[in-house]
Amino acid sequence: MGDWKTITVPVLSSDSKNIFQYTSEKKISPPSMNSQVLRLPLPSSKSMHSFFSAFCTEENIEQSISYLNRELTTLGFPSIYTESKGKELNLISIINCMNELLALQHKNLRAQEEVEMQHLKLGCDMDHLQNCYAKLKEQLELSKREIVGLQERDRQLQSKNRNLHQLLKNEKDEVQKLQNIISSRATQYNHDMKRKEREYNKLKERLHQLVMNKKDKKIAMEVLNYVGRADGKRGAWRTDKTEARNEEEMYKVLLSDYEQRQKQLLVENAELKKVLQQMKKEIISLLPPQKQKPRERSEDGPVLSDLEEDIGELNKENMWELSCETVREQLTNSIRKQWRMLKNHVEKLDNQVSRVHLGTLNEKDVISREDHELETEKLELEIQQCKEMIKTQQQLLQQQLMSPCDDDTTLLLQDCYLLEERERLQEEWTLFREQKKNFEKERRSFTEAAIRLGLERKAFEEDRGAWLKQQFLSISTDCKHSENVTSPSAFLGSKCSDQDNRLVKSTSQQRRPRCTLSVPVSAEPCQTSQYITRHSSGTASKKPAGDSKPNQWVESDKEAE
Amino acid sequence: MNFSELFKLSGLLARFSPDGKCLASCMQYRLVVRDVSTLQILQLYTCLDHIQYIEWSSDSLFVLCAMYKRGIVQVWSLEQPDWHCKIDEGSAGLVASCWSPDGRHILNTTEFHLRITVWSLCTKSVSYIKYPKACQQGIAFTKDGRYMAVAERRDCKDFISIFVCSDWQLLRHFDTETQDLFGIEWAPNGCVLAAWDTCLEYKMLLYSLDGRLLSTFRAYEWSLGIKSIAWSPSSQFLAIGSYDEKVRILNHVTWKKITEFEHPATIANTRTIVYKEVEKSPSVETERLSFPPTRALASSLFSTQSKYDISQVPVSLQYIKPVADRANPKMGIGMLAFSPDNCFLATKNDNIPNAVWIWDIQKLKLLVVLEQLCTVQSFQWDPRQPRLAVCTGNSRVYLWSPAGCVSVQVPGEGDFQIVSLSWHSSGDSMVLLSKDNFCVCYLDREETEMSAGDSNCAWSTTDVLH
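In the order they appear, the protein sequences are chains Z and Y. To convert, note that position 372 of the first sequence is 1091 in our numbering; the numbers rise steadily by one, no gaps. To convert, note that position 225 of the second sequence is 386 in our numbering; the numbers rise steadily by one, no gaps.
Among the clues, some could well be false.
[Said to hold, decoys possible] In silico negatives: residues of chain Z with every beta carbon more than 10 Å from chain Y:
1. I900
2. N944
3. N965
[What the hints assert, rightly or not] Calculated lysine-lysine pairs in the DSS-like style (CA-CA distance at most 25 Å, straight line):
4. Z/K993 with Y/K596
5. Y/K596 with Z/K913
6. Y/K491 with Z/K982
7. Z/K921 with Y/K291
8. Z/K1097 with Z/K1177
9. Y/K318 with Z/K915
10. Z/K826 with Z/K1188
11. Z/K1056 with Z/K1067
12. Y/K182 with Y/K169
13. Y/K291 with Y/K304
14. Y/K304 with Z/K982
15. Y/K407 with Y/K526
16. Y/K526 with Z/K923
17. Z/K921 with Y/K318
18. Z/K999 with Z/K915
19. Z/K982 with Y/K418
20. Z/K1110 with Z/K1056
21. Z/K1062 with Z/K992
22. Y/K285 with Z/K992
23. Z/K923 with Y/K182
24. Z/K993 with Z/K891
25. Z/K960 with Y/K407
26. Z/K923 with Y/K596
27. Y/K418 with Z/K971
28. Y/K596 with Y/K491
29. Z/K982 with Z/K993
30. Z/K879 with Z/K891
31. Z/K1188 with Z/K1106
32. Z/K913 with Y/K291
33. Y/K318 with Y/K230
34. Y/K285 with Y/K182
35. Y/K418 with Z/K915
36. Z/K1177 with Z/K1188
[Stated by the list, open to error] Taking CB as the label site, the calculated pair distances span:
37. Z/E865 with Y/Q479: 37 to 43 Å
38. Y/P572 with Z/E916: 23 to 29 Å
39. Y/L361 with Z/E1066: 24 to 30 Å
40. Z/Y945 with Y/D180: 20 to 26 Å
Just so you know, the hints here were simulated from the structure itself, not pulled from any lab data. Ideal Cβ placement from N, Cα and C applies to all residues, glycine included.
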């Protein structure tokens, strides 16, 4: 498509445009003239005369001439009359006018062809665009339908969603309701239970009164003799004293339990402290070289270091024996700091390790590139050799297997054979290598030759261009001569019929085959015109084939799409 | 491992004496006391009715036999066989009876929980505790026997009374913030009392001996709550099994939850060992089959053996969906027990009745799952070492120790369906109880350890390695 659009109409000079306007009336005539020429390659003078007689006869020659003069002067040509002699015809001026008219005619022809081509191209373009338009329209329809479908679905989903929301809400309401019911029932149940229990208690009370009255002799213990207490003591009376003692006992029990627990905790604490101390020591022993840096780096370094010193002192003074509360903050701070340092240290180490790792990797990469290839080559060679060895060995083995008679002589022979074979193979190998080298050389020379050839071709192309230019120039001069002969047909176009119009199309479409016909006389101007068009279009874009086959062009365009 | 012959039994009533010398068992209205080592009958007492409950006094000198139907308690002395004591609760009735820790008092709960009568064997004195609450675990003694906690209910409110056992003096009396107190249990150290609410509400309250509320723990609301609890022997942990099939473990410092043990039907963790009990009829080699078959071979053909295989995880356990519209659904953690060394916790999820879960308390992780063929009826830890005995209502007893696990067939003819078991305090023997019989199982110390550790466990550990 882009190419189509970038094709520029061959530039027409302003004056030629003007002329174009003048001659626009006879636009259709030149191709008809051409066709005329085709049909009548050599019009007889008679017929020509008869043809012209319509305009100019013996009687009205004067009027004709004056008319022509008038017309020409209006067209801006110099008068065909000699100025000095009044009615005398100026032949030179006439011829000049004629020549100019012919040139104009040519130009117009060319312009027309281009316009036609343009028209054709545009027509194709139009078709293509229409096709595109139709397709897009279809697509649009489709999309619209799709959109409608999707909208419908969306609507459905939304409605479904709404329904689900409604359902959810209902369910939630239901849950709420059920919860309310449950709680109300629970309260009701509890209330009833309480009521029933009260009744039950009343009944129990009554039963108690009834059953436990002293009259019931049955409730009794028959015992042979009372036994002594397990501890051998006698039962004591319940007094305030015993009560107090019981309380005391209870608290003693509790106290002992708490004491025990405290002891356990103390032991645990001591162990933890020990672990902490050990860890701290280890961290410190790990860190000494690192200590300076973080202190320098961190802003709160001095404060912390002070603290640390304090703690260090405390440490010496057996801070571990102090209760945690007094030194807790310092302890946690110092531990945290040391931990941070350790973390930094570890991270740094990690970084270093990774860096070193990367570095080694890089170095390796840099060094090896060249060595690597050499090495691989060597190894490959070795592999090849080994493979061959294996192959030969296999062969030998097979041979051996095939001939089960294992004479010493055969074995020896085989050995010899193997050695020989190997040597031969090695020789072959070296030969092959040499050949390979030679091939390489040849290939290099070939590439050079190809480059040279390319350069030469370029020079040749330039030459050819120059030659073509020359040729054209020479042809254009020739053309001028030939136009002198065929010019009458230009007038013929003004009165061309519709039938000719149809012919225009055909000619434009079938120009190339016609050109190749190369009709001796009239084909010449046509050919020159084609040269020109080709030249001009060639400068704009190289589409000579497209000119002749627009349909194909569209197709290729489609493909390009 | 040796087994005694089967002895007749009624009401699952066979108990080792606390000193470990005697074994008391009941046969309808007869109380038989045997020597543990020889199983010879030492004493034989005849009660007035079918015995429904027996209990040894703490000094192993007396045995209490309760006949709830008649409202009578009879006490027998081992030292003086002709000494007798009969306590009649008369028309008040009797629903529960127990020894006080000193072994000289008997606490009888009358019908309708009207009161608790404290009868003394030393004096004529009788004490009453009014308003006891009718709940699963309404009386709790501290391990040292000094204090007793009693759940009470007055004016539709729950209370706890703490008594000094030596003179039954009320030490503390306080109300609890419970809807319907369900149970109370002292920590082994005797300083903390755990009290939990009815299953309608998940609520665990922890009280100090002096009646202060130490902490309250609520894991969730609305759904069914606590089903069972267990203190660790060190009093460090309180394991709470609930209806949501989880065990939550609280610590004794903050009384906050340390961890949560779930009991899913699928075990996916590769660290967990799943022992699956498989039943195998003995393989018969056709070459060895003779005609007519020998008697031994014939009998062996019809008996099945069981052993443990190690299942490859993930394992799906048999899961029973509880019926939602029934009360007391069979779901949640119904049994849980700490090993005596605090290292392991055994649990049973009632939804998965065939499995026993053993948790490592040090790592707080599931260690082992025993997948049985039948429903687990009961399990109990060896009081001396981490060794768990399990019974599943058949004639086998199963033992697990960290080294592995074994299934042991109780020899003997006839049906012997073990539904309960109880360890001797030395850990050398245990009594296996069925509905009508009991037998004593002796675990020779060296032998059992070796056999449990070697014969069956060798393959299990190697299997784990593979």
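For each hint, the structure was consulted:
no., hint, verdict
1, I900, "holds, 13 Å"
2, N944, "violated, 7 Å"
3, N965, "violated, 5 Å"
4, Z/K993 with Y/K596, "violated, 58 Å"
5, Y/K596 with Z/K913, "violated, 40 Å"
6, Y/K491 with Z/K982, "violated, 44 Å"
7, Z/K921 with Y/K291, "holds, 14 Å"
8, Z/K1097 with Z/K1177, "violated, 45 Å"
9, Y/K318 with Z/K915, "holds, 13 Å"
10, Z/K826 with Z/K1188, "holds, 19 Å"
11, Z/K1056 with Z/K1067, "holds, 16 Å"
12, Y/K182 with Y/K169, "holds, 20 Å"
13, Y/K291 with Y/K304, "holds, 24 Å"
14, Y/K304 with Z/K982, "holds, 22 Å"
15, Y/K407 with Y/K526, "holds, 13 Å"
16, Y/K526 with Z/K923, "violated, 49 Å"
17, Z/K921 with Y/K318, "holds, 15 Å"
18, Z/K999 with Z/K915, "violated, 68 Å"
19, Z/K982 with Y/K418, "holds, 24 Å"
20, Z/K1110 with Z/K1056, "violated, 70 Å"
21, Z/K1062 with Z/K992, "holds, 22 Å"
22, Y/K285 with Z/K992, "violated, 59 Å"
23, Z/K923 with Y/K182, "violated, 43 Å"
24, Z/K993 with Z/K891, "violated, 58 Å"
25, Z/K960 with Y/K407, "violated, 48 Å"
26, Z/K923 with Y/K596, "violated, 36 Å"
27, Y/K418 with Z/K971, "violated, 29 Å"
28, Y/K596 with Y/K491, "holds, 23 Å"
29, Z/K982 with Z/K993, "holds, 16 Å"
30, Z/K879 with Z/K891, "holds, 18 Å"
31, Z/K1188 with Z/K1106, "violated, 67 Å"
32, Z/K913 with Y/K291, "holds, 19 Å"
33, Y/K318 with Y/K230, "violated, 30 Å"
34, Y/K285 with Y/K182, "violated, 31 Å"
35, Y/K418 with Z/K915, "violated, 37 Å"
36, Z/K1177 with Z/K1188, "holds, 17 Å"
37, Z/E865 with Y/Q479: 37 to 43 Å, "violated, 56 Å"
38, Y/P572 with Z/E916: 23 to 29 Å, "violated, 54 Å"
39, Y/L361 with Z/E1066: 24 to 30 Å, "violated, 57 Å"
40, Z/Y945 with Y/D180: 20 to 26 Å, "holds, 23 Å"
Of the hints listed earlier, those the structure fails to meet are numbers 2, 3, 4, 5, 6, 8, 16, 18, 20, 22, 23, 24, 25, 26, 27, 31, 33, 34, 35, 37, 38, 39, in rising order.
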